[in-house]
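**Q** Residue strings, one per chain:
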Amino acid sequence: MKTFNYHSTNDVKEATKLASSNSAFLAGGMTTIPSMKLGLASYKDIIDIKRIKKLSGIKVSGKSVIIGATTKHVEVANSKEIKKAIPSLAALAEGIGDPQVRNRGTIGGSIANNDPAADYPSACIALNATIHTSSRKITADKFFAGMFETALKKGELIQSVEFQVPEKSCYQKYPNPASRYAIVGVYVAKHKNGVNVGVTGAKSCVYNEKNIASALSKSFSSSAIDNVKIPSSGMNSDIHASAEYRANMVKIFAKKAVDAC
Amino acid sequence: MKVFSEEGKTMKKITLEVNGKKVSKEVADHTVLSVFLREVLNLTGTHVGCDTSQCGACVVHADGKSIKSCTALAADLDGSKVTTIEGLVSNGKMHPMQEAFKKLHGLQCGFCTPGMVMSAIDLLKHKKNPSDKEIRDWLEGNICRCTGYQNIVAAVKEAATKM
Numbered sequence: 001m002k003t004f005n006y007h008s009t010n011d012v013k014e015a016t017k018l019a020s021s022n023s024a025f026l027a028g029g030m031t032t033i034p035s036m037k038l039g040l041a042s043y044k045d046i047i048d049i050k051r052i053k054k055l056s057g058i059k060v061s062g063k064s065v066i067i068g069a070t071t072k073h074v075e076v077a078n079s080k081e082i083k084k085a086i087p088s089l090a091a092l093a094e095g096i097g098d099p100q101v102r103n104r105g106t107i108g109g110s111i112a113n114n115d116p117a118a119d120y121p122s123a124c125i126a127l128n129a130t131i132h133t134s135s136r137k138i139t140a141d142k143f144f145a146g147m148f149e150t151a152l153k154k155g156e157l158i159q160s161v162e163f164q165v166p167e168k169s170c171y172q173k174y175p176n177p178a179s180r181y182a183i184v185g186v187y188v189a190k191h192k193n194g195v196n197v198g199v200t201g202a203k204s205c206v207y208n209e210k211n212i213a214s215a216l217s218k219s220f221s222s223s224a225i226d227n228v229k230i231p232s233s234g235m236n237s238d239i240h241a242s243a244e245y246r247a248n249m250v251k252i253f254a255k256k257a258v259d260a261c
Numbered sequence: 001m002k003v004f005s006e007e008g009k010t011m012k013k014i015t016l017e018v019n020g021k022k023v024s025k026e027v028a029d030h031t032v033l034s035v036f037l038r039e040v041l042n043l044t045g046t047h048v049g050c051d052t053s054q055c056g057a058c059v060v061h062a063d064g065k066s067i068k069s070c071t072a073l074a075a076d077l078d079g080s081k082v083t084t085i086e087g088l089v090s091n092g093k094m095h096p097m098q099e100a101f102k103k104l105h106g107l108q109c110g111f112c113t114p115g116m117v118m119s120a121i122d123l124l125k126h127k128k129n130p131s132d133k134e135i136r137d138w139l140e141g142n143i144c145r146c147t148g149y150q151n152i153v154a155a156v157k158e159a160a161t162k163m
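Chains U and H, in that order, are what the protein sequence lines are. Take 1 as the starting number for the first sequence in the working numbering and just add one per residue. Take 1 as the starting number for the second sequence in the working numbering and just add one per residue.
Honestly, the hints are just simulated from the structure, not real lab data. Don't take every hint at face value.
Claimed, not checked - Subject to a maximum C-alpha distance of 27 angstroms in a straight line, what follows is the list of computed BS3-like cross-link-like pairs (lysine-lysine):
| id | chain 1 | residue 1 | chain 2 | residue 2 |
| --- | --- | --- | --- | --- |
| 1 | U | Lys37 | H | Lys12 |
| 2 | U | Lys256 | H | Lys133 |
| 3 | U | Lys83 | U | Lys168 |
| 4 | H | Lys12 | U | Lys44 |
| 5 | H | Lys25 | U | Lys37 |
| 6 | H | Lys133 | U | Lys50 |
All chains, full assembly: derive it from the sequences and hints.
**A** In structure tokens form, the structure reads like this:
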């Protein structure tokens with residue numbers, strides 16, 4: 001790993017001030033540190049934000065679940081309040097990586113990285129999330145911009161993620177047997193005003209599968225998806241699964257999710 | 001290790017409690033905990049396999065939670081309490097988890113064992129009598145290339161009756 005300057009701060013303003021075009025914020029480090037070791041990324045400055053107290057924690061109200069950026073996956077997985085308000089979100093967190101990754105990895109880190117096969121981005125899409133940053137609010141549909149790309153500007157820090165509590169929801173994924181990243185993951189959420197279907201792992205970036213969503217908005221049952229066609233164009237194809245296979249899995253896992261809602 | 005001799009490094013003084021003893025050392029900012037334990041403190045029981053947080057050979061406890069020490073910066077853990085495999089022996093006696101691994105042949109080459117043992121102890125803190133499935137699910141971040149896992153699961157079950 002190439003050398004860098006390590007900074008740790010307990011203040012959001014100071015963290016954003018320290019940021020430059022050659023820096024990265026460090027939360028759990030579950031992706032940042034291996035990426036730096038593998039030479040996929042290098043930075044002059046690493047700004048550790050874990051000691052900023054207000055970035056961690058869970059707030060649940062009737063309509064929303066707000067999770068601080070540095071809240072760890074294990075905290076979301078074990079939160080009684082989240083299990084009650086949005087059980088599928090706690091279940092998603094429980095399925096990320098392994099116990100040691102869940103003990104360190106954070107929600108803010110996961111969505112800032114926007115790995116095409118990460119779990120949390122699909123929850124953001126399905127649950128109409130609003131991402132609160134150091135300077136503004138960004139809705140999930142505008143936040144995830146492309147493969148490993150987000151709407152975040154340099155030095156902009158995620159502070160919390162606000163999820164809308166749905167009427168019903170379920171996340172189903174076909175995990176890679178080694179990494180537990182999603183080969184395909186589908187998060188179905190039924191809200192008062194419609195259905196969202198967040199799909200991860202299938203394309204270069206998480207997306208809302210509108211064909212399935214509109215079929216489910218008319219009739220919320222797995223049979224409503226039977227005649228929906230999911231084209232394989234734009235789907236990822238790799239040693240784990242072909243594009244055609246992934247297209248088929250999107251439908252199958254959407255059905256599974258609806259049945260388990 | 002060249003991490004201590006690279007040009008342009010910046011150093012930090014960090015203080016940790018490792019296996020009950022306070023240690024204060026100057027380390028380069030990009031030193032990870034596994035390197036700190038092995039190269040600075042000569043605690044070579046913590047093994048480094050993949051070095052990218054997949055294999056679990058480097059699992060230690062930091063402030064009571066199991067973590068992969070290859071993927072945590074030493075500077076980040078300033079002020080923490082760390083327990084490694086070397087910290088499990090008490091009064092010359094092996095920890096019940098180590099005893100169980102020995103008794104039930106939960107290891108062959110032994111490379112993954114320190115991480116397996118540290119991870120399994122963390123499991124028993126959460127679940128006193130885990131099922132086979134719960135043990136397998138919990139140990140999914142620990143890879144063993146020898147045993148086929150059967151005896152590891154048996155060892156964790158045995159340890160659960162002794163802890």
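**Q** Now, for every hint given, state plainly whether the structure supports it.
**A** Now the hints, each set against the structure:
no.: 1; hint: U:Lys37 <-> H:Lys12; result: holds, 20 angstroms
no.: 2; hint: U:Lys256 <-> H:Lys133; result: holds, 22 angstroms
no.: 3; hint: U:Lys83 <-> U:Lys168; result: holds, 13 angstroms
no.: 4; hint: H:Lys12 <-> U:Lys44; result: holds, 16 angstroms
no.: 5; hint: H:Lys25 <-> U:Lys37; result: holds, 23 angstroms
no.: 6; hint: H:Lys133 <-> U:Lys50; result: violated, 33 angstroms
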